[in-house]
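Enquirer: Each chain, letter by letter, is given below.
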Amino acid sequence: MQNKTPVNLYHEEIMALARSGKNAGTIADAPSAKKTNALCGDECVIAVRFAAPSGEGGEGGGAATVRESQMRIAEARHQTRGCVLCVAAAVKATTLAMQTGGGMPLCELLIGFQKMMRGEGAVLPELAIFTPVIPKKTRRTCVLLPFEALADVVCRH
Amino acid sequence: MTKTKTAEMTAAAETVRGNIPLLQKSGEHYLDNAATALMPQTVLQAVANYNAETRANVGRGLHNFAEAADEQFAQARATVAAALSAKNDEIVFTSGATAGLNLLANALGQTVAKNGAVALSLGEHHSNIVPWQIAARRGGFAIRFFRLAPNGAADLEEARRIIRGASVVAVAHAYNVSGAVNDISALAQIAKENGAKFVVDGAQYIPHGFAAPEKLGADFYVFSGHKCYAPNGIGVLWGRKKSLAELPDAIGGGGSITEVCEKGFSAAEPPRRLEAGTPPISQTAGLAAAIAWMQNIPQAAKENARNLAQSAREELAKIPGARVLFSGGGENAPNVPIVSFVVEGAHPHDCCQILAERGVAVRGGHHCAQPLMRALGISGCVRASFAPYNNDKDLRALVAAAKEAAHILRR
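Keeping their order, the protein sequence lines are chains F and L.
Using this note's numbering, the first residue of the first sequence is number 1, and each one after it goes up by one.
Using this note's numbering, the first residue of the second sequence is number 1, and each one after it goes up by one.
It is worth saying that the hints were derived from the structure and are not from the lab.
The structure presented is a predicted model; accordingly, all values stated were derived computationally and were not measured.
There's no promise every hint is true.
When the alpha-carbon atoms are kept at most 16 Å apart in a straight line, the in silico EDC-like pairs for lysine to aspartate or glutamate are as follows [to be verified]:
id, chain 1, residue 1, chain 2, residue 2
1, L, 403, L, 315
2, L, 241, L, 89
3, L, 242, L, 89
4, F, 137, L, 357
5, F, 136, L, 357
6, L, 192, L, 214
Same shape as in the complex, but just chain L:
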């Protein structure tokens, strides 16, 4: 890489960093972005503006505040839809990816035959496993898992075998431990050949690039706001209009109906049918602002984050006793900037604690991916996840602290 290119990337990252108030106040090396990304000033301001200037509920009131809230809410939906190359009425606001997946498991679970199956990959987050297990317990169907390839992405050959006969396939777009990006189009094709509904968990992918779920072949796609610079408590469930309309009832309440009488109810059209109760309105303002902010992140800053992750992989692997999980990167194995590693003989929480004491914020444990941990033969690992506001100082602090942790903890 040329010096000019490096300088361009560094400058871009510093510009993005300047947008994050928390990083101006603190010297923390924040590398826990895959858990929660930090909020830029524009997002903080958007949330504050909604609460200060409109605040009202949506879809109900006739007064001025309510009309302003309705306008803001509709605009947020349109912003999300445009980012996903989707239509407005295909966007359902939820409280997060987990809520979206629960909703889908509750609804789609009703369509799976007793001797049927749902196919998942072994790399899934618990939020894309447990809701299906709950639905399976109720419906009496099976859950089948396909393994990951050494690069950390789904093994497509095994996926083809496991998906055969399944009614639903649910898979992450990018994994929260390996960081590998799945070939969603290929998996969608396999699901389609089997007549299965195809659900994609985009929680770890969307922070690094907007997907066009329809083009990818998904039937449903979910993601969380808090991982893409938006507030907590907001998420998105995208579904093809027909797929959303065909979902069996799984949630109900105010706003989700056209009429209720003692004998029953008539459901509203999606998306409101799936947004029972008061939605997370201020969070949608934050999400729309976050999306607008993300659309302006310079490409060089995104590249910088990927390069930092790759350098972290290389530098961490040199530490005696440290082992980087998954091969990462490469043209044939695209990755989001996530690096997971273990220090042999050391518990991930002890590593994280030592890193935290040195101002490096990373995540340790099973990362809500216990089936994957079991497949890897470990109880947990340490994960560093990069964002476009991270810089070389963050990388150097990570590597130095990891060296110290390995020195202190190796038994």
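Same shape as in the complex, but just chain F:
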């Protein structure tokens, strides 16, 4: 599955992600961002808990001086009221946020994904499951919504 580009919009991996319930929920007192799809009213809230990078965030170690955008993402959660594509994208976005840990790798991934979904950039292997959505312009928003919320929360904090 990983090596094959899916053609069907509702392929097995997308459906499995959407049904998984993975990373669903909130994080108390954590920075969050909400995005709404004006077309259908779907909503996605992404919440992120940052952890200071090792060596800088210790006790009395000047954590307040460390920009959160340079901090590691320790946990990411989503609350999504949306279609299969939106929920699957929210699971993927929060998973990748934790896997990359944030910072530049995540920012590059988010920019690359925007380009990929506009059909202007290379297909990112870790997000290739969304390739069938690219020709469906109206549905691109469904997939991008959680990633835009993630970008908001990461960039803002």
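With chain F fixed as given, assemble chain L onto it according to the hints.
Expert: Relative to chain F, chain L alone:
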């Protein structure tokens, strides 16, 4: 129903279908007519003829092209007026029902007292809610809503309670989600008893039959061309002559005045007073042709569309997980052929996408009726809307694709 009757209806639908070039080119099962209806050849030709043969602006020029355009424009107004059993000077051309409602909300909103209210039903399209909300924000008055009955039409008892003391009542003739046709005469009577102006949104009704707004008791009536086989960008606002004349100024520009000086202006008489700027002239040619075409749609084809919708209601309800919204139909609850449904656990856009991949064009989402969606406890639904050119193949494709969607998407 007899076999002969069924055969008659099927044949009528196929005849109407033969008039629609897009359906000759494509095998699409087009069931999104409540959003935009397809244009027959005569309408396409009328628009092309105007642009090829006259093209000029109206009400201004003295040359030959201008005179021909004026003639065509006046004829279009007369055609619309006759269809609505109205007088020519009661017909205002707009860019659509939304524009008509905005114009009315802008104008009538100025007449509502600060402690007054506008009454709407919960089933209204956003185009009959948001303009009033904007006017209310400016004028400081309240917006009050009355709910729908289980058959999807306005609950008249609650309407009577909510309308009390309102200055304006605005309601759909037929709803875009439930398809139910409101008892406009009864609502008009309630509005009249309260001294309220009565505005009717006919966008979903007119495609299925011409209304006589004056006879129904309306003060104003709007509809869009694109839902009744005419081009985009054309709509009609009908108003009683006196009601139109009494509207406060809400729009201005070229053509809407008799004189302008540095100190102010004198407004023209309606309808031109309410048609500032160059009107959608080619679209009026298309609208007139569409009305002429609609007047010739065989009754059997219209019945066929209603029967297809009723069959869709019954067949969709049998799909595990599918739920048809509103009871529909019946002698006491007339409906336009619109069927809305949800598949439990599935998002309407996912359903629509799967239907689209199988060549079935339907609409999904909140249908610009979010207050109704909230009242129903759903975020959206799927809507199939039928026209006299739809046939049994369209129905079967809808049901088969909906079954597949339910199978793929149910969680």
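Enquirer: Given the proposed pairing of residue 136 of chain F with residue 357 of chain L, does the C-alpha separation stay at or below 16 Å?
Expert: holds, 11 Å
Enquirer: CA of residue 192 of chain L to CA of residue 214 of chain L, is that 16 Å or under?
Expert: holds, 13 Å
Enquirer: Given the hinted pair residue 241 of chain L and residue 89 of chain L, is their alpha-carbon gap at most 16 Å?
Expert: Given that 16 Å is the threshold and the Cα spacing comes to 7 Å, the pair holds.
Enquirer: Would the hint linking residue 242 of chain L and residue 89 of chain L be met if the CA-CA limit is 16 Å?
Expert: holds, 11 Å
Enquirer: Can you confirm whether the C-alpha distance between residue 403 of chain L and residue 315 of chain L stays at or below 16 Å?
Expert: Holds - the C-alpha atoms of residue 315 of chain L and residue 403 of chain L are around 10 Å apart, at most 16 Å.
Enquirer: Are the Cα atoms of residue 137 of chain F and residue 357 of chain L separated by 16 Å or less?
Expert: Measuring from Cα to Cα gives roughly 14 Å; hence the hint holds.
In the structure shown, no violation is registered for any of the earlier numbered hints.
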